[in-house]
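Novice: One-letter residues, chain by chain:
Protein chains: 6
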Amino acid sequence: MPYVNIKITREGVTPEQKAELISGATELLQRVLNKNPKTTVVVIDEVETDNWGIGGEVVTELRKRQ
Amino acid sequence: MPYVNIKITREGVTPEQKAELISGATELLQRVLNKNPKTTVVVIDEVETDNWGIGGEVVTELRKRQ
Amino acid sequence: MPYVNIKITREGVTPEQKAELISGATELLQRVLNKNPKTTVVVIDEVETDNWGIGGEVVTELRKRQ
Amino acid sequence: MPYVNIKITREGVTPEQKAELISGATELLQRVLNKNPKTTVVVIDEVETDNWGIGGEVVTELRKRQ
Amino acid sequence: MPYVNIKITREGVTPEQKAELISGATELLQRVLNKNPKTTVVVIDEVETDNWGIGGEVVTELRKRQ
Amino acid sequence: MPYVNIKITREGVTPEQKAELISGATELLQRVLNKNPKTTVVVIDEVETDNWGIGGEVVTELRKRQ
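Protein chains in written order, with my numbering: chain A, 1 to 66; chain B, 101 to 166; chain C, 201 to 266; chain D, 301 to 366; chain E, 401 to 466; chain F, 501 to 566.
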């Protein structure tokens, strides 16, 4: 019954990686808290780099310097 | 003043259905808690089926078997 | 499979009212979008009036004038 | 370390305005609570006007009358 | 830089279990997407069973039958 | 109409500081995007340090070393 929300920047995450995040988060809740995986919900939000900031700066700008 | 967030998979929900969700949620808060509908906010998030998991599995895969 | 989050101020909502919100939101998703009620999740967040603002003002202050 | 989420309707917000929201929210947390700006995260969600309701009405409809 | 939110019912989760959820979610993002663990944020919300519903029913009631 | 959610650790934030966060966030949205302050909603979530992790570590542990 847990609900897990994963927010990441939209930077080419593949369907296979999303499937790994979903199965991995579901297993984590089962392993640590014995939660029934059948009703565990995982929602991934992919956020444009223009819409994500850290350190007061937009990620789009950070990426240009990396 | 309540804030309601409805997360559903993006699978062809029409503007009319969204309007029904918004009016229905607003009425629910008014009926049960006497909340002023004028300041009730409803936000609907439509999530790609690749980004939604239940039972450790991606909804895109679940839909193929249904 | 929908996930509904209802945020309200913590002002004496009873368990019976919470049950009504949960059943009402679940029925709304079933009626409008034919969503399976068995996997619809509803989470209610009760927020202290000190922690909720509207119009730039804290609700605790608004309540004193009402 | 604070996490700030700003939800607004998707109505032509520019990258410059998003950068201002991100720097402004980060400064606010630093000024009021002395939070380290380096680890403050700001995420902006732009929501279609069809998916946002207030007063029981869809914003798309409200905008037609304004 | 990812942000992970884990919502579970408040039913006696220990600080050690919370620490495992936090380290586990951080490792998951590093393993699958190569995200820098230093800036990964995990927030756990524990929700009263009166405030969580599934299948249209309050979890408090479900627990009585289990 | 914007909705702003500020998540911080529960570490003695005063009602005055919360009021400043609420007015500051509301002004930010008005200044940058010309949003009507009357319908801007701000919700502050205070999270126990046991429930917040960064860098794979619980904030409670981080605070002991600071």
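There could be a bad hint or two in this list.
Stated by the list, open to error - Some residues of chain B that are not near chain A, with every Cβ distance over 12 Å (derived):
(1) 109
(2) 111
(3) 113
(4) 115
(5) 137
(6) 145
(7) 149
(8) 155
What the hints assert, rightly or not - DSS-like, lysine-lysine: derived pairs with alpha carbons at most 25 Å apart:
(9) 64(A) <-> 435(E)
(10) 238(C) <-> 38(A)
(11) 35(A) <-> 264(C)
(12) 64(A) <-> 438(E)
(13) 338(D) <-> 564(F)
(14) 535(F) <-> 364(D)
If you are wondering where the hints come from, they were derived from the structure by calculation, not from laboratory data.
Glycine included, each C-beta is placed from N, C-alpha and C at the ideal position.
Novice: All the hints need checking, so say for each whether the structure fits it.
Specialist: To see whether the hints hold, each was checked on the structure:
1. 109: With a cut-off of 12 Å, residue 109(B) comes too close to chain A, as the shortest Cβ separation is near 10 Å.
2. 111: 14 Å, holds
3. 113: 16 Å, holds
4. 115: 22 Å, holds
5. 137: 27 Å, holds
6. 145: Label violated. Min Cβ-Cβ 8 Å, cutoff 12 Å.
7. 149: 10 Å, violated
8. 155: 5 Å, violated
9. 64(A) <-> 435(E): 17 Å, holds
10. 238(C) <-> 38(A): 12 Å, holds
11. 35(A) <-> 264(C): With Cα atoms ~43 Å apart, residue 35(A) and residue 264(C) exceed 25 Å; violated.
12. 64(A) <-> 438(E): 20 Å, holds
13. 338(D) <-> 564(F): Cα-Cα ~20 Å, so holds.
14. 535(F) <-> 364(D): 17 Å, holds
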